[in-house]
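Given the coordinates of chain A, assemble chain B onto it according to the supplied hints.
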Amino acid sequence: MPEDTGRPHVQSEPPSPIRGTGHTYASVTDKISAITLSRRTPRGWLLGFGVAFLVVMVLLFAITYLLAVGVGIWGINMPVAWGFAIVNFVWWIGIGHAGTLISAILLLMRQQWRTSINRFAEAMTLFAVACAGLFPVLHLGRPWFFYWLIPYPNTMDIWPQFRSPLVWDFFAVSTYGTVSLLFWYIGLIPDFATLRDRSQSSIGRIIYGMLAMGWRGAARHWHRYEIAYLLLAGLATPLVVSVHSIVSFDFAVALLPGWHSTIFPPYFVAGAIFSGFAMVLTIAIPVRAVYHLEEFITMQHLRNMALIILTTGLIVGYGYLMEAFTALYSGNDYEIFTLYNRMFGPYALLYWLMLGCNVLAPQVLWFRQVRGSVPLLFVIALIVNVGMWLERFTIVVTSLHRDFLPSSWGMYYPTIWDWATFVGTIGLFVALLFLFLRFLPMISIFEMRELVAETTSSDAT
Amino acid sequence: MLNLPQIKPVHQHPSLGDLATIRGRLQTAQGPEYWRSLEELAGSQEFQEFLHREFPQQASEWQDAMGRRRFLQLMGASLALAGVSACSRQPDEKIVPYVRAPRGGMVPGKPLYFATAMTLDGVALGVLAESYMGRPIKIEGNPQHPASLGATDAFAQASVLTLYDPDRAQAVTTQRGQISTWNAFLTTLRTALEAQHLKDGAGIRLLTETVTSPTLVQQIHTLFTRFPGASWHQYTPVNDHTVQAGARMAFGKDVTPLYHFEKANVILALEADFLASGPSTLRYAHDFAQKRRLPGTSTAMNRLYVVESSLSLTGAIADHRLPVRPSAIAGLALAVARALGVIANGSATIQAQVAPLSRLAPYPPASEMQAHWIKTVAEDLWQHRGASLVVVGRQQPPLVHALAHAMNNVLGNVGHTVVYTTPVAAQPVDQLGSLRTLVEDMAAGRVELLVILGGNPVYTAPADLPFAQHLIRVPLCLYLGLYANETSALCQWHIPETHYLEAWGDARAYDGTVSLTQPLIAPLYNGKSAPELLAALLEQPEQSGREIVQEYWRSQYEGADFDQFWRRALHDGLIADTAFPPQEVQLRTDWLAEAATPAAPSPGLELLFQPDPTIWDGCFANNGWLQELPKPITKLTWDNAALLSPATAEWLGLSNEAVVELRLQGRSVRAPVWIVPGQADDVVTVHLGYGRWRTGRVGAGTGFNAYTLRTSEAFWAGRGLEVHPTGERYLLATTQHHHSMEGRHLVRAGTLQQYLEQPYFAQEMSHIPQPQETLYPPQDYEGYAWGMVIDLNTCLGCNACVVACQAENNIPIVGKREVQRGREMHWLRIDRYYKGPPHQPEVYHQPVLCMHCEHAPCEVVCPVYATVHNHEGLNDMVYNRCIGTRYCSNNCPYKVRRFNFLHYAETHTPSLQLLHNPEVTVRSRGVMEKCTYCVQRISAARIQAQLENRTMRDGEVVTACQAACPTGAIIFGDINDPSSHVVRLKGTPLNYGMLTELNTRPRTTYLARLRNPNPALGDAPG
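Protein chains in written order, with this note's numbering: chain A, 1 to 461; chain B, 1 to 1022.
Only chain A is shown next, with the shape it has when bound in the complex (with noise of 0.2 Å):
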C-alpha cells in the first residue's frame, strides 16, 4: 500500500473538505473503503435497488414491447414525429454533463474541492450517457439498422449522410461517453488497487485486481498516471461544449420555427451544465446523509454548486429572454406564431412552468441561507431537473405541434409507454447508481489522502 504519492503538492486557495477533521491517511481510507467491503449490505441498499430494479423491469418490457410492434405505441404522431425519445435523450445528455466538467475542466483549473464529488459525478454522467444512448436508438423506426448511421465499409457502397445533424449526433454522444468511461475507469485505477489490497474475499480480490490492471504505485505509475489523466482531461474539455452544441444542432440546423435558431449551442451547453448539476446535488445530499460523508461533501460544495447552478440559470434565462427577443426582432410572422403559441397555445402551462422553474426558482439562491440550507438546496435542484425537462419538451413539441400549414397542425399526447420508458431510465440510472455505491468507491480514496497530505502540511505551515 503506497502511503506517499508522487503528485505535485500544489497550494490551493479553495476550501479544503477535511480541513480540520483529523483525518488520517488511514482513517480516509478506512472509512470510504469500508462502505465498498463491509460484508453486510445494508437493508435500506437492497430495499432502494430492489425498487430500482423492479422499474428496470419496466423499462425491458417497455422496450420489448416497442420492438415488437414499433414505435407507434408511442404518442408521436405526424406534426409531432418526435416526443418523448428525443426529449428524454436531450434531458440525460444535459445531465450527463456536469460530470465532465467537474472532472476535466475544474481538474486543469486545480479547483481542489472537486474532490470529493468528482467520482459520483462521473459515474453520474457515464450512467446519464447511457440512458440518453438508448434513446435514439430506441426511437427509430427500424432499430435493428441503427449502425447505418456508422461510416463502415459495405457492400451497399454507402456511408452516412455527413450533412444531417443525426450523424455528428452520433459522433459526438459515442465519443462522449467513451471519453467519459475512459476517465472514469483511469480515476478508478489506484484506488482499484486499494480495494483489492483490503478486500476480504478472494471474490473481492480477484475482480478488483483484475480491474486494477496490476497497479502496484509505483513512481512510475503515478508518473505515467498523472499525465494520462491530464491528457484525458484536456481531451474530456472540448467535449463539454461540443457534445451539447452539436445535440442543439439537431434542432438548429432544421428550418422549423422554434429550431431554427443560431442561440441554441451556447444555451444548451449552459442549460446542460445547469441540469447536471442539479442532479450532481440531487444525488450528493441524500448519499451524504445516508453514507454519513459530511466531512467530505461539505456544505462548501453544495454551496458551490448551487452557485454554479445560480450562474447557469441566468445563462439559460437570457436564452429564453434572447430567444423571444429574436423571434419578434426578425419580423417572421412563423417565428412569432410560435413564440405567441408556446406562450399561450395548448402548451402554454407547460411553458410558463419551465420558465418558473428555471428562471425563477434559482434566484433564491442568491441568498446566504438557502445556499446554507441542505434541504432547500435538494428542493431547488429537483425543481431544476423538472424545469429542464419542461424545457427540452417545449422546444420539441410546441416547434413541432403547430408548424407551417395550419392544416397538418395536431397534438401529442404521451401514452402509457412513453411515461414507461422514460420512468425505466430513470430507474435505470438510479439502479446503476446503487451498483456503484455498493460495490465501487463512491468517493476517491487516493485524492481524498492527497489532500489530508496537502492540508495537514498547510495546516503546519
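You may find that some hints are simply not true.
[Said to hold, decoys possible] Rough simulated footprint, nothing fancy, chain A against chain B, three-plus residues with beta-carbon under 8 Å:
| hint | region |
| --- | --- |
| 1 | 732 to 745 |
| 2 | 830 to 839 |
| 3 | 888 to 897 |
| 4 | 901 to 909 |
Honestly, the hints are just simulated from the structure, not real lab data. Even for Gly, the Cβ is constructed at its ideal location relative to N, Cα and C.
Leaving out everything else, chain B in the frame of chain A:
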C-alpha cells in the same frame, strides 16, 4: 384491415374444404364456361388462398394426424391442378382490351385495360379497369364515356377494394346463415315457382333498386308475362323521386332535365350539389370547370349562386352562397320566380316577353339583405337569358323543381343550358309509394315469394314503414347482395352477388347511354349477378351472364355484323348513340294549381338528411378507403355526426363531440355534434349510411343510424326537431383540426376583378428568394424535369384524387384510433380552410402532396440518404434504406410525409394482397413514405419511349390523381419542355408556390383561386 396491435384481426380462413369446393366446381361447372375461368381462377380467392396459405395453414394443423393427411392430399391436388392449368384453353368469350391488344396473349407485368361500367343507384359510370395478370387493381375513367370523360369519383376508385373485401358474402346461405349451395337454392326456387304458376304468380314480388339495365328490364318483363300476378317494386334510399315529380308537375310527363353547364354563365343552385353528389357529377363538374378555368386570353368566368342549408362542395366553390334552412328554399325560389315574372299574383302565366324586372315582389321578405340578394340574382339570371341556369337538388320538394323548370323556361334556357330527356330509370315510379305498397302487401299476407335484388331495404327503408317486421313473415324471401347485411339476416336465402368487376351486365348512364359491364376476374365468391338470378327465376338457371346480356343485345341489334358491333361495344364500354335525345317539352299552364304554396318557414329546428359524401347510403360502409377518406367539408373519418352551425351550437350550448339525442316525430337517435361553419342556423344535417348493425369488420361500430329518424314524411328534411344534450362525449376522428390560414398566404385567392386589374396579385403576396440566394451549387436538370400545377380555381375538393392515389400507391388505412392520433397515411390530402365570418365563410380547398422541392429540406437531414434527389428533380424515397428517424418529416414545411408508426400495410389477408399494385413497394413498419409523383408511371412511360426510340411526349405521364380529377385541375409534365401544358400554366400570372419564402423551390405550384362575385352584392360571399 385495422392493423392495430391491440386488435387481433380474426381472419376468416376458409376451411380446407376449399379444395373440395374447387374440385367440386371443376366437376359441376358447365364445360366451356368453367374452363374459360380456370386461368382467371388463379386470381380467384380460393385459388390464391390455396396457393398462399398452404404452409401456414398446415403449420397450424400439423399436430393432428388428419392435418398431415390433408396436407398430402393438397400436395397431390396441387400437382394435379398444375397439370390442369397447363392445358387450359383460351377463353371463349370476348373480353376486348380498350387500348393495347394483347398480341399473342397477356404479357406478364404489363397491365391491360378493359372498359366496363360501375353503377351507383342503378346509374352507370363508364370506367377502364386496369388488370395485372388477371387481377383488376385500379379503376380509371373511360374517356369515351359521357358520364366519365376519363375522370372517376372516389366511389369508383374505391370499388376495387370492395371487390377483394374478405368480408363479402362468400356462399349461398339459407335459413338465415346456414351455408348451402346454388343447386339447393334452385330446388327450393323451382318448388316455389311451381306453386306460383297455379295462381299466376300472385304471390311473387320483386324488389329492386332503380333499374336502368335494358337486359334486366327485359328479363323482368318476361317474368311478368309468365307470372301476370307478380309485381315489381323499386326502392333506393337516395332516389330522384322529387326530380321526377317536379318534372311531371311542370310538364305533365316523365322527363329528366340534363344540364349543360359548359354553356351556362350564371347558375343558381337551390340545394343542388350538382358538382359532388349524384350520377352525373363527373360530367357536370367537367362542364362547369370549362367555364370556370381561366385560359390565357379569355377573361370570362361563370358565376355560381348557391342557396343551401348545409355546406356542400358546390356551395364551397360558389361565388355567392346563401345559407338558409331547407324549408325556406321553396319561398326563396318562389321569390326569384316572381322576380323573373314566372308567377303573377298567384296564377301561373308564362310571361317571358313581359319585362319581368318590373314585377319584383320579394317573397318572403325574410330580410332586407335576402330581398336584395334575390333581386340581384334574378337580374343576373335575366341578363344572361339563354346562358343561365337554375338547378334544384333532390332534397327539395317537387314544387321547387317545377319552379326551376318554369324559370329556365322563362329565361330561355331550355334547349341551351338545359334539355329534357327520357328518364334513365326504366320504370320511373314513386319509390316511396312503391315500397309502401309492398309493405302493405306483406302485411296482408299477399306476398309469398319476395325477391330482393341488391340494396339493403331493411336498413334503408323509412322508419315509419315496418318493412323488416313484415319481411320476416314472408314465406320465402330471396336476397341477392354483396354482403351479409341487415336484409340478408331476415331473408331465407342469401345469394352472394357478383361485384361489377366479376359480372356481365349493362346499365344506362345519366344521359341514357348504354354502358356495358364485363368481368375482369372470375367471381371470387361464387357470386351471381342480377341477370343470372332472374334467369333462374325464369327457369333458365344454366344461362350465363354473358349469354343473357349478349342475347338481349343480339335481339336489339338490327345491323348486319353483330359480332363486330359487340366487339366494338365491349371495347368502348358503351353502345354508341344510345343517349336519349332531347325531348320537346311544354310547360303546363296550370301546373301551379297542383302545388300547395309552401308553408312559411316556422321557427324551431329542422333536420336535413344527406347521403354520406364517402359511404353514400351505407353501401360502402365496409370499404376502408372510403371510411378513412376525410369527408370533404367536415374532414371527419369513420363516423357521421350531427352537423350544426356555430350559432346554433352556441345557442344550444353544444360543442364538438358532445352527444345529443335527436328527436323527430317520436323517434330518436343519439349523435355526436360537429360544428360546421357555413351551415344554416337552426338546421341539423345528418348523413345516412352509418350505424350499420350487421356489416363487415371495417364498417362495424361506425357512426349512428340516421335512417332511424327518416320517415316517408320527413324523407329529406323534417321539421320540429328536438335536440337534447346528453352530457356524454363521443370522440370523432378528424384529419384537420385547424381551419384558419392564420393570415398565411397558403391558398391565394382573389376576385376576377382583382385579377384583371392586377394579374400578378398572387405572386406578389410573398417574397420569392432570388436563384442566387442559396449556399448550394446550382443544379442543372438535363432531360426531363417533372413538375406539377394544381389549379385551385377548378379544384372542387371532391376527394377523387385522394382515393386514386391510395389505390395506385398501395396506401394502407390505419383505422379510427390511429386517425385520432394523427397518423393517417394519405400521400395526397385536401386541406380545407375557412375565411371570413363563421356563418358565411369562404371555403378553400387545396390538394397538398409532396412538392418535390428543388431544395428539399427533408433531404439534408436524413442521416442515411434514404430520401434523395434524382436527376429529374424528383425527391425520391428509398424505403429499404430508411431507418425511420422521422427527421425528414420534422423538417418538411408542408408535412406531406407519412410514417408507418405500426405495421399498417395489409400483408395478412390474401384477397387484399391481390389488390396491391405490383409496381409499387408495400412499405413495412418504421419506414417513411410520401408522394412519388407516381414514379412507376413515369418509368413505364420512359421504358415505352425508349423502346420506340423517342422522348416522352407531353401528357404521356399521367399521375393517378391527375387521371381521376374530373375538372382537370391537376396538370403534370416536363418543365424542361417549353411546349408542355405544365410550363404554359406555370407561366401564367396566377401561378404561385406555397411557402416559397423558405427557398424550398417547390416543383408543385398552384394557380390562385378566383371568385367572380357580383359587384351588386359586394365582395362578400353571401
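Q | Hints violated by the structure (listed by number, smallest first) | A | The structure conflicts with no hint, since it agrees with every one listed earlier.
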